[in-house]
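Protein sequence lines correspond, in order, to chains A and B. Heads up, the first sequence is in the working numbering, so the first residue is 1 and it goes up one at a time. Heads up, the second sequence is in the working numbering, so the first residue is 1 and it goes up one at a time.
Rather than coming from a laboratory, the hints here were simulated on the basis of the structure. Just so it is clear, the structure is predicted and the values come from calculations on it, not from any experiment. Be careful, since some hints might not be right.
Which copy is meant is left open, because identical chains are indistinguishable; a pair holds if it fits in one copy or across any two.
Unchecked claim - Calculated pairs, DSS-like style, for lysine-lysine (alpha carbon to alpha carbon, straight line, at most 30 angstroms):
| hint | residue 1 | residue 2 |
| --- | --- | --- |
| 1 | Lys361 | Lys65 |
| 2 | Lys124 | Lys65 |
| 3 | Lys124 | Lys361 |
Number of protein chains: 2
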Amino acid sequence: MLKEIAATKPSAKPVPLEHAEVGHKRGLPADHLEDDLVPDFAHAADMADHLENLSLDKQVCALRKMAVEAAADALAELDEAVAVDVLENLDDAAAARIIAEMAPDDAADVLDDLDEEHRDALLKRLNWEESEELRHLLNFDPGSAAGVMNTGVILLESFFTVDEAIAHMRGEMAEMENPYYGYVVDSRDVLVGVLSVRDLMLGRSGTVVGDAVGGQSVISVRYDASRRDAASLLSRYNFLSLPVVDYEGHIMGLVTYDDIMDIMDEVASADMLGMVGADPEESVDTPWLESVRGRLPWLMINLVNSALSASVVYMFEGTIAQMAVLAVLMPMVANQAGNTGQQALAVMIRQFAIDRFDHRKAWFAVLREAKIGMVTGLFMAGAAFLGAWAFTRNLQVGGVMAGALLCDMMLGAVAGGSIPLIFRALGRDPAHASSIFLTAITDGAGFFIFLGLATVVIF
Amino acid sequence: MLKEIAATKPSAKPVPLEHAEVGHKRGLPADHLEDDLVPDFAHAADMADHLENLSLDKQVCALRKMAVEAAADALAELDEAVAVDVLENLDDAAAARIIAEMAPDDAADVLDDLDEEHRDALLKRLNWEESEELRHLLNFDPGSAAGVMNTGVILLESFFTVDEAIAHMRGEMAEMENPYYGYVVDSRDVLVGVLSVRDLMLGRSGTVVGDAVGGQSVISVRYDASRRDAASLLSRYNFLSLPVVDYEGHIMGLVTYDDIMDIMDEVASADMLGMVGADPEESVDTPWLESVRGRLPWLMINLVNSALSASVVYMFEGTIAQMAVLAVLMPMVANQAGNTGQQALAVMIRQFAIDRFDHRKAWFAVLREAKIGMVTGLFMAGAAFLGAWAFTRNLQVGGVMAGALLCDMMLGAVAGGSIPLIFRALGRDPAHASSIFLTAITDGAGFFIFLGLATVVIF
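Next up, chain A with everything else stripped away, as it sits in the complex (with noise of 0.2 angstroms):
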């Protein structure tokens, strides 16, 4: 049980701490309670699933309401499908207001999927500065680390003490998503180093922050790198932000530990969406046509697969029309083997996700799934050689279909785990619809080894 978020009173007086980052709001005064279209909230997350709720027109109507920086951060929370109908839909003074006070990040993120009229439109309206930088962020793939970074970035000069630099970073914390690290710069701007507030709180006063981060290797990624790869690299060393680099190493921004976990969310639901052939940035909220257009080229190709597995029962028509009892057991050995072949993959996939894996652990990996696929396919043998003998009275029905699925299933713990890899020796996304091509495999081959061992065995 989650304990319930106790509702919030008015405070007697007004209160002094401007910027409360830990997410809680101020209480209002009662009467703002009985909105019902702009509740109140103690968290921009609520009332983005509060606004989801609702009807586009109350969306509109909401957010016109609410005060603009409310609006701006219930905007960044909002499915971005949603945001984008939103912001189609407010007059283009109203979405400027909103846009000019979401952070850089989350703003570049909500244009890119506005069309171009409709955000140059925007853009135009919002004062030079502004509008250039959220152009520059908009320069760059939605799928780099650029296309995810901050541009607000506490930056401290190499010659500060460690005073100056705490009164620095004090002075610059209101508005940075992470207020707690100073990235250190030397005189040509590049990147020499990072010290945290704690690491300048228990620092000595008068030491130089240029000879405190000496001989420090900073961990920071490349502009151009995936942003799956910047994700991954900010859980692994559990920093609050990374550093975006460009070649020479100048600082261009920061990945905060916020944007991972909703990338991490992305990644994982992509891995098992694109497993099986539906659009990986799928999700209930999707329009349901654009859903059908993304999953149809992939059944399309799951029908020519398995067109190409009933051809293989096409060739042992003969030895079906004498025996019926084969299509009776045939599709449990392509079932079986097709389910081996999907905990493989499936282990595969999410180690892919969770770490670098190197090749040689990764061929460790797949013959470990072939000694899994060997023991569990000579127990399944046995279980469904005596099922097969039991309802047929007839032992060589039982050996035929105890050694096709023990072939197959060894090959479906093989392919399984070899998918993956392959995919990627050929630079495609490992996960994408592996299971289709899983499932073709395990299909054919079984279908094959359980026809032919039959014509050869019994006839």
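With chain A fixed as given, assemble chain B onto it according to the hints.
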């Protein structure tokens, strides 16, 4: 391309900042670099990777050679199965020294997997305070919020001024996993608010913290909530840490952002692996015989399921004997509907992972899948009709194929969408073995509809 970590260089003089939080180690003298077993890594995660590639003997030897702090950091980053192996092979004295140095939540995780005798032996070697804390943590279910919490919390009395609070945090922050949040408690030790270092640094110095947090609604998680719930709350609100409280609202510890990324990875793996009936905690590092044990029961269930589908085919053995081409086309129907269902399943399971997903929205999502199933089904039915007719030159066979495909694909879409909801309503994990039950439905129904239609239409 990730930027390579530059080789660390020894700094000329002793460095003054002792708590380098951002994960960089000072340069060491060059002769340290020559030790193959204990190379000079900038971060514990890199050291852990290095260790995971060594044999057990060498792992143990390397950990003995390392400074105890470095060994503790590396052990916390190791895969849990590897960490347990290493601890079991270290002498108790060395193991206890490393355990004492680890963060209590990491230490408890590792100790939890040791056998009881060994665990007690290690706990006896710690000082009273340390061992009591670990025993306390070991009492909690590792799957609960309390099972992943840190007990290090910076507490602020509500009568502190902002200046006092900053001074207090400065004194406490050295050892904290999240040094940037102070949790405000009242005279009965009940959690009443939270202030970040930023809030404090930007606040007015004379303000009393109790007033500053007046009217705050603190978002917290009860100790017996699942760690998955804790992770999703933390990622939803983008906090650095989430307080874990008891039923009276007393703070017991914190779940921190660095744990959350691991939990989210585990959740994603659990969904993907669970869906196909592998152990949710399996990885390529799981001993293979353990994987065999974990997967066999589900393969057995899958065999029984596919025997049920086979019994449907058996009902129509006579039909197949008369017209063996039906056995050729039959698996195509089941395969295609299975793929359609898997796409629906993957979308729903991911939605569960990211969202809390209310009932209304959930059944709306099933409706969405039904519509997608219908339209993609119509397309595929058209393609299948043409294919089957061209292949058999029999309009009736084409019609049966098309009709069965459309019905089974719609059924697959609805089944894939609803299985996770039904599992949840039954109190089960929505993902676990869902794919296995889905295939049983699409296979069984596909065979029945196709062969049944054929029997009625053709004969």
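Hints versus structure:
In this homomeric assembly, lysine 361 and lysine 65 come within 30 angstroms of each other (Cα to Cα) only across copies, at 26 angstroms, whereas the closest approach inside a single copy is 56 angstroms. Within a single copy, lysine 124 and lysine 65 get their C-alpha atoms as close as 24 angstroms, which meets the 30 angstroms cut-off; across copies the closest is 62 angstroms, which misses it. With identical chains, the CA atoms of lysine 124 and lysine 361 are never at most 30 angstroms apart, being 53 angstroms at best within one copy and 38 angstroms at best between copies.
Checked against the numbered hints listed earlier, the structure breaks hint 3 alone; every other hint is satisfied.
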